[in-house]
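The chain contents come next:
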Amino acid sequence: MVLFYLLEKEFKQFFRDPGLPKMAIAFPVLMMLVFPFAVSMEIRNINLVVVDSNRSTASSELIRTCTSSGYFNLVDVCDDPRRAMQLMDRNQADAILTISSDFDRLLERGEELPVGIKVNTINGTKGSIGAGYLTSCIRRFQAAQVPASQTMTATDGRMELSAKYYFNEYLDYKKFMVPALIVIAITMLTGFFPALNIVSEKERGTIEQINVTPVNRGIFILCKLIPYWLVAFFVLSACLLIAWLVFDYACAGSLALVYLFTACNILVTAGMGLLISNYSDNAQQAMFVTWFFMMVFMLVSGIFTPIASMPDWAKAITYFNPMRYYADAMRSIYIKGSTLADVWTDALGLLAIGTTMVTWAVLSYKKTT
Amino acid sequence: MNEAKDVIVVHELTKKFGNFTAVDHISFQVRQGEIFGFLGANGAGKTTAMKILCGLSLPTSGGGTVNGFDLCREQEKIKRNIGYMSQKFSLYADLKVWENIRLFGGIYGLSSKAIREKSEAMLRYLDMTDLRNELVGDLPLGWKQKLAFSIALIHEPAIVFLDEPTGGVDPETRRLFWELIYETAERGTTIFVTTHYMDEAEYCDRVSIMVDGVIADLDTPAALKERHQAADMDAVFRKLAYQAKRE
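So the sequence lines, in the order shown, correspond to chains D and R. Number 463 marks the last residue of the first sequence (our numbering); no jumps. Number 248 marks the last residue of the second sequence (our numbering); no jumps.
Accuracy of the hints is not assured; some may be wrong.
Think about it this way: if two alpha-carbon atoms lie no more than 35 Å apart in a straight line, the pair counts; the simulated DSBU-like pairs of lysine-lysine are [claimed, not checked]:
{"hint": "1", "chain 1": "R", "residue 1": "K17", "chain 2": "R", "residue 2": "K226"}
{"hint": "2", "chain 1": "D", "residue 1": "K116", "chain 2": "D", "residue 2": "K460"}
{"hint": "3", "chain 1": "R", "residue 1": "K240", "chain 2": "R", "residue 2": "K89"}
{"hint": "4", "chain 1": "R", "residue 1": "K145", "chain 2": "D", "residue 2": "K106"}
{"hint": "5", "chain 1": "R", "residue 1": "K17", "chain 2": "D", "residue 2": "K460"}
{"hint": "6", "chain 1": "D", "residue 1": "K296", "chain 2": "R", "residue 2": "K226"}
{"hint": "7", "chain 1": "R", "residue 1": "K17", "chain 2": "D", "residue 2": "K296"}
{"hint": "8", "chain 1": "D", "residue 1": "K409", "chain 2": "D", "residue 2": "K430"}
{"hint": "9", "chain 1": "D", "residue 1": "K220", "chain 2": "D", "residue 2": "K296"}
{"hint": "10", "chain 1": "R", "residue 1": "K145", "chain 2": "R", "residue 2": "K114"}
{"hint": "11", "chain 1": "R", "residue 1": "K89", "chain 2": "R", "residue 2": "K17"}
{"hint": "12", "chain 1": "D", "residue 1": "K116", "chain 2": "R", "residue 2": "K97"}
{"hint": "13", "chain 1": "D", "residue 1": "K106", "chain 2": "R", "residue 2": "K78"}
{"hint": "14", "chain 1": "R", "residue 1": "K17", "chain 2": "R", "residue 2": "K97"}
{"hint": "15", "chain 1": "D", "residue 1": "K460", "chain 2": "R", "residue 2": "K226"}
{"hint": "16", "chain 1": "D", "residue 1": "K460", "chain 2": "R", "residue 2": "K89"}
{"hint": "17", "chain 1": "R", "residue 1": "K89", "chain 2": "D", "residue 2": "K106"}
{"hint": "18", "chain 1": "R", "residue 1": "K78", "chain 2": "D", "residue 2": "K460"}
{"hint": "19", "chain 1": "R", "residue 1": "K6", "chain 2": "R", "residue 2": "K226"}
{"hint": "20", "chain 1": "R", "residue 1": "K97", "chain 2": "D", "residue 2": "K460"}
{"hint": "21", "chain 1": "D", "residue 1": "K430", "chain 2": "D", "residue 2": "K268"}
{"hint": "22", "chain 1": "R", "residue 1": "K114", "chain 2": "R", "residue 2": "K89"}
{"hint": "23", "chain 1": "D", "residue 1": "K106", "chain 2": "R", "residue 2": "K97"}
{"hint": "24", "chain 1": "D", "residue 1": "K430", "chain 2": "D", "residue 2": "K116"}
{"hint": "25", "chain 1": "D", "residue 1": "K116", "chain 2": "R", "residue 2": "K89"}
{"hint": "26", "chain 1": "R", "residue 1": "K17", "chain 2": "R", "residue 2": "K78"}
{"hint": "27", "chain 1": "D", "residue 1": "K296", "chain 2": "R", "residue 2": "K114"}
{"hint": "28", "chain 1": "R", "residue 1": "K78", "chain 2": "D", "residue 2": "K296"}
{"hint": "29", "chain 1": "D", "residue 1": "K296", "chain 2": "D", "residue 2": "K116"}
{"hint": "30", "chain 1": "R", "residue 1": "K114", "chain 2": "D", "residue 2": "K460"}
{"hint": "31", "chain 1": "D", "residue 1": "K116", "chain 2": "R", "residue 2": "K145"}
{"hint": "32", "chain 1": "D", "residue 1": "K296", "chain 2": "R", "residue 2": "K97"}
{"hint": "33", "chain 1": "D", "residue 1": "K296", "chain 2": "D", "residue 2": "K106"}
{"hint": "34", "chain 1": "R", "residue 1": "K114", "chain 2": "D", "residue 2": "K106"}
{"hint": "35", "chain 1": "R", "residue 1": "K145", "chain 2": "D", "residue 2": "K296"}
{"hint": "36", "chain 1": "R", "residue 1": "K145", "chain 2": "R", "residue 2": "K226"}
{"hint": "37", "chain 1": "D", "residue 1": "K268", "chain 2": "D", "residue 2": "K409"}
{"hint": "38", "chain 1": "R", "residue 1": "K97", "chain 2": "R", "residue 2": "K78"}
{"hint": "39", "chain 1": "R", "residue 1": "K6", "chain 2": "D", "residue 2": "K460"}
{"hint": "40", "chain 1": "R", "residue 1": "K240", "chain 2": "R", "residue 2": "K78"}
Hints were generated in silico from the structure; no laboratory data involved.
Isolated chain R, as found in the complex (with noise of 0.2 Å):
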């Protein structure tokens, strides 16, 4: 585990709206292939924090770099190198299912060939292959996050930021939805994901829960719940989100 690189060095990262620090002094590193679970209360600056990351916002003070790149100053190289998926869903509704993808991968550089042969495996590992021509918009919810899931992969990313991404979804589709996260970890990518579900914060390798803007601890789910003498993470999160002092 100590061999693989970190693909995520975060120092001492900074964000202020005006008077306010949502994000507070923060630094920590994430290793390559890792399921990364980043919790917090809402409004603890876990999204803030992570649109620093995506390239979406730029830190105030502190820095550091995406697989390599600079936070402040290479966004767009790092765009390149990330998958994105938000807990607003987002591909067009308007469009069918093979038109997100190609549209996607046509984004990312993709040329049409790579298109094709992606959009094919793509439909048939979500078993979707029937529904290529079905609008998005009249997709049941677990189907499009796992079509987003799998669009915000189509480039191959090096990381993949997940933000609740089973937000609102039956417990069966969350389940199979951490079956793709785990698959997609085991092929070496790096999976950041925020998310209210305590039981899938015991699924991920490392968790970090932040507290008014700060990272109030870091380490495994298994360390964490020794540290804090709690049976599982839900105590965890409870004992440590209640020293929160802002609302």
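Next up, chain D with everything else stripped away, as it sits in the complex (with noise of 0.2 Å):
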């Protein structure tokens, strides 16, 4: 009973805070219909420059089939090498494309082709998939120049490569972020707002008001708690929703493992909050150390960065993170259609770093000091 009349403040106090309903709804909107575009990794509109010494049809037809690829941006066709250099160097070319002035006499002949590629690569990941794509334009280019009779010879003894991408059939990157996506949405929103809220009673004094009441303490805890968890499944479902409406992504797993592993991750970040706000007088105390380990998690839990291509010693800090068992459950769920066969060490990971701070939490909120 007095869980009733507990609960019943704490949903007055969210409906009536000039802020945090707003927040439930704005969250998911701007997580679904903003971010996917934002934190997309794809490398677009790289800045082209062409160094073309020889203008013929062919080098144009070069050009062309470069920039009909929609990947870049093309600055400029000069014939001064050291022109093009100074466009790089003022940060105005990621690449300079440089066709020689025999180019269009050797390409007859069949013979070897003497184009050059420079790359900027302050953003290495950007310099090398630019190289990669100027490249696969100037096979497509040399392919379609061979003949078709040549083309036999040409290939005779080569092997022929075909990939077939599963999963994520389009390379899409929006695909791959909407799960991570939600999986941060979910994580801040538990994380913080149940910490915040234990903090602030603390500095208006009420909570001294419920201490010297016999009201048990993990009651109170639970009445703290359970709001958000509603909170976040709503906000689950409107981002299942919107990715669905907006983007026509459907999950490929059971949605059923979806709440699952986000009631698991609601555990972990609930037992975090809590545990911060014991260990906070004020609620600016409370949030920086939340945005600390939220930061280090998301850093560190492979939804920006591969975990696979992390040295040891950082692949060892991401097992005692519990985003990474969230976002890979998540995405696997999501994208591939696991089920909880594929993905139980996730839910174990979850559940033991989770338990962990519930009793750490319960254990040290004390009520008689």
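Got two chains here, each in a separate frame; can you build the complex from them with the hints?
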């Protein structure tokens, strides 16, 4: 019965708060409609400068092949390599394609093509991917130049590779990020808010009034968590719905499993939030500590960078990161359609961290000091 | 007066924070239905002592009972039998008047029917019936304090602890507040009150004055004035508080 009165209080306070209900609405909308585009790591709009010393039909055909790929912005076509270099120095060019003066002649004779590629690799990923795109454009151009009769001889004795992409056929980065963004949204929401809520009761002194009553501390804490759990499930549902309506992405696996993992993750973040609030005396402290952990969690979660390519010591850290397990499970279920049999280790990881956090949190919350 | 039983019995109560002894072996009794004034300069240790009596803090050594329950082992039972109102206003400002009454009624395990009846009676008694739907945060301080006091009494506790209940309140509201205290004491509730207003100390049945963690003196206001040859409680307090060695 006490539970009922305390819950009633929490819900009234939540809906009366000037910001919280709006945030619960704005969060999924932002997460699904803005961030999938913003966090895209697809490399596009590479600024290309061409040094064309040949100025032939063939060379302009090559330039057209590159620009029509959609990855390049043609900044300039010039004759002087020094001018192209200047553009790169001024950060106006990401890649320079150099076409030699005897390009068309060599092409006709079918000899090796002297094409130069210079790439700005301040952003290494962008640089190397840009170089890759350019190379494949040149190959495509070459293949188109070789007459059909010669193709046979040209491919003689070579390997024919064919790649087939699974689970995300069109290599759509947004599809990769949607489940991860849900992970971030849920973790932030259920980690920050209960912690701030409890600390604000400390600041206002109302927690003392509660501590002097015979209320059970477990029930008091539970009543702080339940509203945010419901909000988290609301946000999850809204995110899934928006992803489906706007991007036509559907969860490949079981939705029940998505909710189950979200529940496991809530256990972790709730425990963490409570733990932080127990050791914080004011909102700034709680905010800063939570923010610090969220930052670390996100960066070593595998959400933005693959864990497999981290050094061993960094990999070891990820095992203590609940977000790693949640993100992995969510991506596997959502994109690949994994079942519990595939991702049970993630569930185990979340449950282990979650139980530790909650136990610690309940033990460290004392009504009597 | 001697017939009444002691509801608070404290023996050699001590609380240390590291090397600092906030409360230093204090012993006293409070009788049922008494208005017990608990005085002391800032930092004398009265809030610490009060927190121990409310079950918010554990004594380092010594002990005692509140309404028959042990201070060291039965804090949760003590909490069932006491009301508490702090100097820091502590009702929920973002809840309405009736919602605050309902919440604390619910926390103390009152039935919803009892809560309804209590709320009606309380609002009528405080003359706040028209304000029932106001957010508590919008009320003037005097009203808030009266409401907080009444809510501290909602479960009819044996003892109510008031920690500087009239801090920052105007003289007229202060007088009205003390009328509430008298009426409550007449119904048999023990009042344990801290204050910095010496005129309020005169209203108490007995007064203890804490200096440097110990009780410097404890008696009725009349006896204290006679013993220290002072005209009023203000003079008594000055005489005793000037003995303080620590800041």
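So which of the earlier hints does this model not fit? 6, 9, 14, 15 and 40
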